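**Student:** These protein sequences, in sequence, are chains A and B. Numbered according to the working numbering, the first sequence spans residues 95 to 234. Numbered according to the working numbering, the second sequence spans residues 113 to 253.
If you're looking for bench data, these hints aren't it; they were derived computationally from the structure. Incorrect hints may appear among the rest.
[As the list claims (entries may be wrong)] Once the Cα atoms are required to be at most 30 Å apart in a straight line, the calculated DSBU-like pairs of lysine-lysine come out as: (1) B:184 / A:142; (2) A:209 / B:114; (3) A:123 / A:143.
Treat the numbers as computed from the prediction; the structure is a model and nothing was measured.
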Amino acid sequence: MADYTLWHALTGGILIGLGSLLATALSGKIPGISGVFGRLLIPATPDKKWRFLFLLGLIGGAALSFLLWDSAALFRPMRPLVVMGLAGLLVGLGTRIGGGCTSGHGVCGVGTGAKDSIAATLIFVGVAMVTVLIYNRAVL
Amino acid sequence: MKAGRFFLIFLAGALFGTGLAVSGMTDPGRVIGFLDIFGSWDPALLFVMAGAVGVYGLGMLILRRFQNQNLKLPSTASSPIDRQLIIGAVIFGVGWGLGGFCPGPALANLGTLRIEALLFVPAMAIGMLLAQRFFGADQER
């Protein structure tokens, strides 16, 4: 934690942008994580291989970073496990109904100026802020 | 896709995962710190988004100029802002605020077998299957 600065945030963001860009060029698809993962769950999806390898790279790259840098390995559990389970269910439902998450809508869609993605991003960030506010008032 | 392409797509994922970890977005404390605007606000997520959106937007503008039969880029045209989009974004927002995990960071924590991720990711998969089965999500190919 001690050596984390906003430069880490900006540098990490640039790496996320580069990874997304490379995946877009290679796959010809918008590589939002919820879509890449969600379509792996559909048996008829024809292009499962790149999706699987992309996510494997994501997990491997993060795991290596946790080993290399203390600031990356920081993990502060915020919620009881039952809340995490409920949160996962809602994130799965919402991202697929809404057609994207923080990467598909937030990074790729906003990056290319797609109006639907800008709307979705404003909505899910706003709703998440209200949710945190209510959770903190109600539970803490 | 050829073998070289498969290595590159793995590399793309590794860049993405490294970015998530380096930026601190794999820590739910940092994400909730950003969402908690009335607490001790943490602006980190805004800098992450600025870096990612800037690089992706600029990169796509450049890539568009080199588009040919070997480089096919997806359409970035906006879909209609309809009820599906709004309802989905609201449900996702509630889940994101509750857990401090969105799909990328949740998956990124699987490698170190974090109990939060081991619980969150299967629950997320169930939510996605429900969306696909009952709410018509992901029907187009």
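**Student:** The structure should be examined with respect to each hint, and the outcome stated for every one.
**Tutor:** Hint by hint, here is what the structure shows:
1. B:184 / A:142: Holds. Residue 184 of chain B to residue 142 of chain A sits at ~18 Å (cutoff 30 Å).
2. A:209 / B:114: Roughly 35 Å separates the two Cα atoms, so the pair is violated.
3. A:123 / A:143: holds (13 Å)
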